[in-house]
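Chemist: The task is simple: from the sequences and hints, build the whole structure.
Protein chains in written order, with UniProt numbering: chain A, 1 to 464; chain B, 1 to 464; chain C, 1 to 464; chain D, 1 to 112; chain E, 1 to 112; chain F, 1 to 112.
Accuracy of the hints is not assured; some may be wrong.
Here are some chain A residues the structure puts well away from chain B; computed CB gaps all over 12 Å [claimed, not checked]:
no., residue
1, 78
2, 80
3, 172
4, 222
5, 251
6, 280
7, 352
8, 391
9, 396
10, 422
Partial selection, computed: residues in chain F whose CB lies under 8 Å from chain E [unchecked claim]:
no., residue
11, 3
12, 17
13, 24
14, 28
15, 29
16, 30
17, 31
18, 64
19, 68
20, 94
21, 96
22, 98
23, 99
24, 100
25, 108
In silico contact screen, one side only, chain C against chain F (beta carbon under 8 Å); selected entries [claimed, not checked]:
no., residue
26, 176
27, 416
28, 421
29, 422
For the record, the hints were derived by calculation from the structure and aren't laboratory data. Ideal Cβ positions, reconstructed from N, Cα and C, are used throughout, including at glycine.
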Amino acid sequence: MDPFTLDTGATAWLLMSASLVLLMTPALALFYGGMVRARTVLNMMLMSFTAIAVGAIVWTVCGYSIAFGSDIGGIIGDPLSHLGLHGEDAESLLAGSGVPFLVAAGFQMTFAIIGAALISGAIADRVRLRTWVLFVAAWIPLCYAPLAHMVWGGGILSGSADSLAAWMFGTTGSGADAVAAVAPIDFAGGTVVHINAGMAGLVLALVVGPRLGFGTDAMKPHNLPLVMLGAALLWFGWFGFNAGSAGTADATAGLAWVTTTVATAAAALGWALVERIRDRHVTSLGVASGIVAGLVAITPAAAAVSPLGAIALGAVAGAVCALVVPLKHRVGIDDSLDVVGVHLTGGIVGTVLVGLLSVDTGLLYGHGAAQLVVQTVVAIAAIIVSGVVTLAIALVLRATVGWRITPAEERAGIDISRHAEAGYDLVGSLASRRDRRPVRIEPAPAPAPTAADRTPAPTGGDVR
Amino acid sequence: MDPFTLDTGATAWLLMSASLVLLMTPALALFYGGMVRARTVLNMMLMSFTAIAVGAIVWTVCGYSIAFGSDIGGIIGDPLSHLGLHGEDAESLLAGSGVPFLVAAGFQMTFAIIGAALISGAIADRVRLRTWVLFVAAWIPLCYAPLAHMVWGGGILSGSADSLAAWMFGTTGSGADAVAAVAPIDFAGGTVVHINAGMAGLVLALVVGPRLGFGTDAMKPHNLPLVMLGAALLWFGWFGFNAGSAGTADATAGLAWVTTTVATAAAALGWALVERIRDRHVTSLGVASGIVAGLVAITPAAAAVSPLGAIALGAVAGAVCALVVPLKHRVGIDDSLDVVGVHLTGGIVGTVLVGLLSVDTGLLYGHGAAQLVVQTVVAIAAIIVSGVVTLAIALVLRATVGWRITPAEERAGIDISRHAEAGYDLVGSLASRRDRRPVRIEPAPAPAPTAADRTPAPTGGDVR
Amino acid sequence: MDPFTLDTGATAWLLMSASLVLLMTPALALFYGGMVRARTVLNMMLMSFTAIAVGAIVWTVCGYSIAFGSDIGGIIGDPLSHLGLHGEDAESLLAGSGVPFLVAAGFQMTFAIIGAALISGAIADRVRLRTWVLFVAAWIPLCYAPLAHMVWGGGILSGSADSLAAWMFGTTGSGADAVAAVAPIDFAGGTVVHINAGMAGLVLALVVGPRLGFGTDAMKPHNLPLVMLGAALLWFGWFGFNAGSAGTADATAGLAWVTTTVATAAAALGWALVERIRDRHVTSLGVASGIVAGLVAITPAAAAVSPLGAIALGAVAGAVCALVVPLKHRVGIDDSLDVVGVHLTGGIVGTVLVGLLSVDTGLLYGHGAAQLVVQTVVAIAAIIVSGVVTLAIALVLRATVGWRITPAEERAGIDISRHAEAGYDLVGSLASRRDRRPVRIEPAPAPAPTAADRTPAPTGGDVR
Amino acid sequence: MKLITAVIQPHALEAVTDALREAGVAGLTISEVAGYGRQGGHTEVYRGAEYRIDTIPKIKLEILADDADEPGLVEVIVASARSGRIGDGKVWSTDVGRVVRVRTGEEGPGAL
Amino acid sequence: MKLITAVIQPHALEAVTDALREAGVAGLTISEVAGYGRQGGHTEVYRGAEYRIDTIPKIKLEILADDADEPGLVEVIVASARSGRIGDGKVWSTDVGRVVRVRTGEEGPGAL
Amino acid sequence: MKLITAVIQPHALEAVTDALREAGVAGLTISEVAGYGRQGGHTEVYRGAEYRIDTIPKIKLEILADDADEPGLVEVIVASARSGRIGDGKVWSTDVGRVVRVRTGEEGPGAL
Ligand SMILES: Nc1ncnc2c1ncn2[C@@H]1O[C@H](COP(=O)(O)OP(=O)(O)O)[C@@H](O)[C@H]1O
Ligand SMILES: Nc1ncnc2c1ncn2[C@@H]1O[C@H](COP(=O)(O)OP(=O)(O)O)[C@@H](O)[C@H]1O
Ligand SMILES: Nc1ncnc2c1ncn2[C@@H]1O[C@H](COP(=O)(O)OP(=O)(O)O)[C@@H](O)[C@H]1O
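Modeler: In structure tokens, the structure reads:
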């Protein structure tokens, strides 16, 4: 182990990047929260906020170790290597660029959190918060961390000498220095975060089932300025995600910053164009959605493509996602906020387009199809891993604590029925009208029968 | 004075941290603003925004000097040392880590601002803006800056050889290098900012008195998504507060970043758990409140505890604050937005738990009770200083300009009656209805009688 | 060309600054969006969001080159020099401080974007999105980039030996090192961004004409908390704008950070004071507006004035803008959100006051009037350039695609009529009422007659 | 002429308007109201303080109709709004002296 | 049957509903309305432009009642809603031909 | 006494209240309602899913008036609310048995 030399500039950028990526999850809460109906906004936001709370703790206890601890069979890291985030700066993931251990570990923590939070959009308005909390607590160590290990921790989906890529196209270098000749490229998490979360969302949408009224009732966004604010903060945070993934503040980070910006710009226009042609209207929700699609798609490619390549990649991603999103109505899957249409689709588009647009290895730059093949294989492998593991977790939870709130609770709105709160009370004149009187203003033990009334019965009793 | 060598990395992080901490005050405006009724949201937000405006100027003129100028009796700094923020880079508080004078001074400015702004939550919906502005202008130089001097500027609550701690447990080192053997730990302002603001809030709530209808009328939050956005931006800004308090971008900053995140995560869960047991519902307001409680509690401890220790500290803080908050209804003090329940309580919990959980000096790590005693003494001293000074300022203001708006103004809602504005006009169809006509669209001198009508009379005339 | 040496600290700060300035445009979307009526909020926000999308791409393709490519006649840079943002790190605008090419180019990109977006406030609620998109695509390369070249790229409004300033007051140094004896000061874009955008706003307001009902109907802000959030995020982002313009993380950046904060604080108080005297009420919109006015005014001066000088500059700017804003009602120009009153006015105030308050060259510091003259001349020159070029673009667009939506569309509200969306659906009980049924949930080609119905006719047919 | 007023459950709105359209009603006016009755309300909790909300969102419909059509339309509304659960609401009708269509000035049945 | 309509101050709502409940009223329907009258309105100022808002938030109550109960209930409302200040509002009553409870189809007094 | 009810276009509100004030009306009560009628609605599109919104925002006015004033006031409303386009709305009037001013307890015409 080399001795560690601090680089304050790299560390400053990574501290900032970690903060930016952490901000992405509340940003997602706004983005998702504005898209649901007013009477479920708080539950939707709580799913993101609890993902942060649970994810941070799980990551600290064992998640980091499973992702980046000493390799076990190319599948996971040793959960005991860095229990409780114990580690020396010289063991830092970014020791080479002078970033201390905990800064790098904290930066990675934020990726696990947003990965889990993304999934919640697929199952909006209808699940018990405790089940969601347990899901996050299981999914990060069992699904996210292993996949992170496989791709970024030297596992079988990385560019190591023992990887799938090495098996397909051989290795270069020799001995301990041998690496895959054609290494998969996932610069900042197109596979690990977005394909993973998107696939998990698809599985949960299927296991949990559609909202009451899906396909017949209107379920339109209740607060689009909130959605746009969320999209903007996601973009802002994504600079940490992508440019921070350079591991230091250098020209690579600069390239990632620029490609992230221009791909996103192009994706917003791509989505808008599809809307203009198909629906005759450019919508703000479309532009906000295009922004997220572009951010997702450039994530794996951010340091591999040129600025002009990024524009092409973004435009394609925006248009493709815009076309995929409405398909859920055809197939009847209530992926409520389009986790599949945006994150799975955008993640696949970006991951695969790297094989075409990578300046150093891409098909369009005359480097043959090897990179394209590797990218496709890794994408498929990630889909399988995520699908299988998520399905297992989801089914266990269905059989034990159960996912769904009661139909009556769902009809009344999950905020009122499960959280005893209302998102808004905006009518000035009545905001404090006396019929809304505090009937109990000091803590008291919960009366047993009422508690039972509100506890969801698997048989679906009516709350009213 | 050593010559100054710039460290661009440390400076980059401190510039960013200062920006982040400045953002905390608008974030607080959202957090507080969403919690009041729709008809007082603007006044609530204005209290934070004017705290920035006034605080920045007062700090520049004399606040910084009083906090960090040459020591006078262990109580204050010489107000003339850095008048107008005049100073050499070699005199920078962070000269040792290569951060220029104005960057360090600006960073500290943001702490004074948020400290003052926090207090406003205790006196929501009912005070004259001018009195608040005068209060901030007085409180920062007379209460905040002296306490900052005592704790961080080498005063009697610091670890200097002339401090309370040195008097209790002796000193180590000798001559000019002598320091207290057991130095108080307030890494980022648990005492200076949170205990201080929390105590000031208690005093103001008592001096100003409760809102009309407190205890009988419902006064529920009007916009919880706004509250959650505020909590999220507070968290984001707090990375500057805590990790920035390392003074550079290094492993200490990394530790502070991680402990800040995990303590906050644990506190959110701790508060939620209390709610689940006591009220049968986990609420979004509870999770948002737990987040703030955790951020407050980890502040003094951020670099002293381990990640696992931070989880414990956060969980305790979240649960304790959740239990303390409803007590105000029992004692009948209208601390409207729980400045006491969250900031005073959380600040005390964090400051005292350092004595247990500090890895290097804490009781639970086998280092005896000295740190615990020192922490407790410093907390009590801060409570006394803040209580006495704030009471003096508050009473002078009551006797001169007066705190309260008239009862009629309060009933009509402070936004309309005092600021001639309404927070929202959301009903699309009526947003521009013609009965809302601009009757005067150019400046004109205020007609004297009307002005008199709206000026609050101490006798409480009815505005209608 | 000197070899390039990376400075990670400077690069970290510039990456962060670029991210902060990019955030300013969504912040503007909130600030502007909250100020219009509820039924036009989405279109208003879309104008900012599309400015980002189009601006990022135009800047990448040719904007940067026109601004900073090899000089052509002191007016523009060679559009081919850096096509597609191609360039070596040694060619970086900030090579001297160790910041890579793309980081510096990305940072500058964000200035062009916000400059264009600012203009939209002058023509709220009434223009076709496609015309706006075309305007931005033309204005950045034809107006913004040339002016940036003239002022910052070594052109005729810079301090180069071939500049207007050199022509007026001579040069110092000799040969290739010769520069203007009295160089114009535009630290961060008072001229290039704010005077430019403000003048462009005035021209567009005149060309596009007033909203239906301007001067008779009430058009009051629909969501002031959104406005205040926008102002806060603008302030936060402006730290990147101003302190980032130091080009590295050093004492100059620290000075810019502090002056930005205190000038803004003083401007908020200055605007509030004018309101208190003139209107008898301090308003939150006034404080938010004062914040923006202060940020605008300190922009050119941020590193030239002292902290106390910045307080003076800010106070003047806040008060002057507060007095100028209502004049639009007298002259009958519907500069809907006061781009002229805030950005043009604030930009002029700041640019001119540099001539008085610059510590090294200002009149009040005993350095004579030369700087004041140069500043005034540059401001006038920028007004002329911006006015003429913007007018040409605006008239071409009027003659071709046309600016205005139909009167019926405008009456119905541009969100519904042009974007088929509503900003809010907040009434919980009705948020999903069944009469809002999805009638078509899968893509289908647009039926020709309906499309024709909704296409705005130059003759202004009624949509209903 | 009669004015029929109905206070119904929000989720019944579409069924009722569909049924009325089929019954030949060309127009009606809808308001959002809050009902207070047997149905009870719900509880909200903010930082440990409980609030009892007694009122429940309802929809009010107002339909002007010919005297002859009134009994039939009341039946249609009652039938289409009924879920059988407490809180389904009330329907009542009152006499109207005069009805005018603003656009044309037409009066009586022609104004509908 | 009678329909009693009351336009009252928002802050009187709880007192009125409490008084009506004591007087035996089991249900009523509440709307948020804007009143225009002697009470005047208020002024708002945005960036120096003044707006005159002539209307004031009020609460409208509608109570269906037996003919016999009507005079007493009007008294109850007037008494409990009165503050003595301008703007306290109006109470009026009209004849209702027919009342139906949707849930059961009951008519007349039994429908209340 | 009569109760005049008018459902009008939102943008006609100021013209109507101005005209009524000139005609001597001292007060009225305003509600925001949604109208359903010949005028049709509009379409919204979210992520490619179209929503048909059948209702249109309208304003409802309620004016208590002397029997003698009623015909004239109806004329005033119809005249000032008319734009001639579909959707201008309806005006109708009903008999009112009793009107009380809450503040004073005055009844009948003196209550207005
Ligand atoms: N006496 C009344 N006058 C006016 N509206 C009433 C009256 N009683 C009930 N309502 C309205 O009818 C709704 C349903 O009444 P409720 O008593 O809850 O159930 P149900 O009609 O099924 O017996 C109430 O929410 C209220 O809006
Ligand atoms: N002629 C009227 N018709 C209908 N509603 C009225 C009428 N006059 C007054 N109102 C309603 O009564 C409320 C109070 O009336 P106002 O004249 O302000 O005070 P007061 O009733 O005490 O004389 C008004 O806000 C309005 O809602
Ligand atoms: N039968 C009715 N009963 C009650 N309100 C009605 C009725 N018909 C129409 N309305 C109201 O009048 C408004 C205008 O009616 P509409 O049919 O659109 O146009 P017009 O009155 O010009 O023929 C509707 O939006 C609705 O609020």
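Chemist: Each hint needs a verdict: does it hold in this structure or not?
Modeler: Hint check:
1. Non-interface call for residue 78 of chain A relative to chain B: holds, since the shortest CB-CB distance, roughly 18 Å, exceeds 12 Å.
2. Here residue 80 of chain A stays apart from chain B, with its beta-carbon at least about 14 Å from theirs, past the 12 Å limit.
3. Against chain B, the non-interface label of residue 172 of chain A holds: every CB pair exceeds 12 Å, the least being about 35 Å.
4. With a least beta-carbon separation of about 10 Å from chain B, residue 222 of chain A fails to lie farther than 12 Å from that chain, contradicting its non-interface assignment.
5. No Cβ of chain B approaches the Cβ of residue 251 of chain A within 12 Å, the least distance being about 16 Å, so the stated non-interface status holds.
6. With a minimum CB-CB distance of about 21 Å to chain B, residue 280 of chain A clears the 12 Å threshold, and the non-interface call stands.
7. Listed as outside the interface, residue 352 of chain A is consistent with that label: its C-beta sits roughly 34 Å from the nearest C-beta of chain B, beyond the 12 Å cut-off.
8. Under the 12 Å C-beta cut-off, the non-interface status given to residue 391 of chain A relative to chain B holds; the minimum distance is some 27 Å.
9. Every CB of chain B lies more than 12 Å from the CB of residue 396 of chain A, the least distance being 22 Å, so the non-interface label holds.
10. At roughly 8 Å from the closest C-beta of chain B, the C-beta of residue 422 of chain A falls inside 12 Å, breaking its exclusion from the interface.
11. Interface hint at residue 3 of chain F: satisfied, since its Cβ lies 7 Å from the closest Cβ of chain E, which is below the 8 Å cut-off.
12. Because the beta carbon of residue 17 of chain F sits about 6 Å from the nearest beta carbon in chain E, less than 8 Å, this interface hint is met.
13. Because the closest C-beta pair between residue 24 of chain F and chain E is about 13 Å apart, greater than 8 Å, the hint is violated.
14. A hinted interface residue such as residue 28 of chain F counts as satisfied when its beta carbon comes closer than 8 Å to some beta carbon of chain E; here the least separation is about 5 Å, so the hint holds.
15. Of the supplied interface hints, the one on residue 29 of chain F holds, with its beta-carbon coming within about 5 Å of a beta-carbon of chain E, less than 8 Å.
16. About 4 Å separates the beta-carbon of residue 30 of chain F from the nearest beta-carbon of chain E, less than 8 Å, and the hint is met.
17. A distance limit of 8 Å between C-beta atoms decides the matter here; for residue 31 of chain F the minimum to chain E is near 5 Å, and the interface restraint holds.
18. This hint holds: residue 64 of chain F has a C-beta 6 Å from the nearest C-beta of chain E, less than the 8 Å allowed.
19. Evaluation of the residue 68 of chain F hint against chain E yields a violated restraint, the C-beta minimum of about 17 Å exceeding 8 Å.
20. About 6 Å separates the beta-carbon of residue 94 of chain F from the nearest beta-carbon of chain E, less than 8 Å, and the hint is met.
21. The criterion of a C-beta within 8 Å of any C-beta in chain E is met by residue 96 of chain F, whose closest approach is roughly 5 Å, and the hint holds.
22. Interface restraint check for residue 98 of chain F: the shortest CB-CB distance to chain E comes to about 5 Å, inside 8 Å, so the restraint holds.
23. At its closest, the beta carbon of residue 99 of chain F sits 4 Å from a beta carbon of chain E; the interface hint therefore holds under the 8 Å criterion.
24. The beta carbon of residue 100 of chain F comes within 5 Å of a beta carbon in chain E, closer than 8 Å, and the hint placing it at the interface holds.
25. Against a cut-off of 8 Å between C-beta atoms, the interface hint on residue 108 of chain F is violated, since the closest Cβ of chain E lies about 11 Å away.
26. Given hint, residue 176 of chain C at the interface with chain F, is violated; its Cβ is 58 Å from that chain's nearest Cβ, farther than 8 Å.
27. Annotation: interface hint on residue 416 of chain C holds; nearest CB of chain F at approximately 6 Å, less than 8 Å.
28. A least Cβ separation of about 6 Å between residue 421 of chain C and chain F falls short of the 8 Å threshold, and the interface hint therefore holds.
29. Below 8 Å, beta-carbon pairs count as interface contacts, and residue 422 of chain C has one with chain F at about 6 Å; its hint therefore holds.
The structure fails to meet hints 4, 10, 13, 19, 25 and 26 from the earlier list, while all remaining hints are met.
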